[in-house]
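Just so you know, the sequences run in chain order A and B. For the first sequence, counting from 1, position 96 maps to 96 in this note's numbering; every step adds exactly one. For the second sequence, counting from 1, position 38 maps to 38 in this note's numbering; every step adds exactly one.
Okay, the calculated bits of chain B under chain A, using three or more residues with CB under 8 angstroms as the criterion: (1) 28-39; (2) 43-54; (3) 87-100; (4) 103-113.
FYI, nobody ran anything at the bench for these hints, they're computed from the structure. Every residue gets a Cβ at the ideal spot worked out from N, C-alpha and C, and that includes glycine.
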Amino acid sequence: AQSVTQPDIHITVSEGASLELRCNYSYGATPYLFWYVQSPGQGLQLLLKYFSGDTLVQGIKGFEAEFKRSQSSFNLRKPSVHWSDAAEYFCAVVYIQGAQKLVFGQGTRLTINP
Amino acid sequence: NAGVMQNPRHLVRRRGQEARLRCSPMKGHSHVYWYRQLPEEGLKFMVYLQKENIIDESGMPKERFSAEFPKEGPSILRIQQVVRGDSAAYFCASSPPSMNEQFFGPGTRLTVL
Chain A
1 AQSVTQPDIH ITVSEGASLE LRCNYSYGAT PYLFWYVQSP GQGLQLLLKY FSGDTLVQGI
61 KGFEAEFKRS QSSFNLRKPS VHWSDAAEYF CAVVYIQGAQ KLVFGQGTRL TINP
Chain B
1 NAGVMQNPRH LVRRRGQEAR LRCSPMKGHS HVYWYRQLPE EGLKFMVYLQ KENIIDESGM
61 PKERFSAEFP KEGPSILRIQ QVVRGDSAAY FCASSPPSMN EQFFGPGTRL TVL
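I would like the entire structure built from these sequences, with the hints used as guidance.
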């Protein structure tokens with residue numbers, strides 16, 4: 001079955017520290033890959049996306065993600081986090097061969113220590 | 001260009017009542033998707049609609065749930081005879097044709113008493 005795994009349910013980092021959130025997907029072919037951020041009580045905002053081409057993708061708010069086909073991964077990174085980055089982060093994929101629906105991971109809650 | 005609009009933002013219903021959730025897609029977007037987010041979980045796909053057509057309803061519960069996207073007006077997600085387990089945040093997303101990126105609304109938070 002098509003699935004997306006975010007192994008870390010909750011991560012705490014100090015302000016100014018680097019961040020990496022993990023995402024793995026299960027599928028033979030390359031899907032379209034997304035990272036969304038959700039602040040409490042809010043909708044989802046797209047951080048970045050990968051469709052094809054350069055495997056290192058730059059997004060908004062200083063985030064980047066790297067697609068690694070050999071590992072079926074699309075990890076999100078930020079060199080230095082800010083207190084305002086505290087939120088829930090969701091990795092999602094669209095499997096090209098299927099319907100146009102997003103399959104989401106369970107999410108990673110990010111807490112920032114001052 | 002206004003974003004995806006959803007109303008109401010919060011909806012409280014008693015068990016057995018009906019819930020109607022509305023979604024107005026972004027201008028120029030003819031594809032609408034509904035997702036449900038249960039507490040402490042990720043979003044789960046429910047249904048994908050184009051104007052007057054249901055394209056994929058593989059995520060919709062078999063009973064009590066229905067969705068439509070009429071030629072005119074917003075998309076409606078309807079839940080009949082709500083139960084406590086329906087309490088969740090319901091998100092709508094829209095996209096233009098031939099585009100894989102979906103734009104999300106702020107969600108409707110349904111509470112069933």
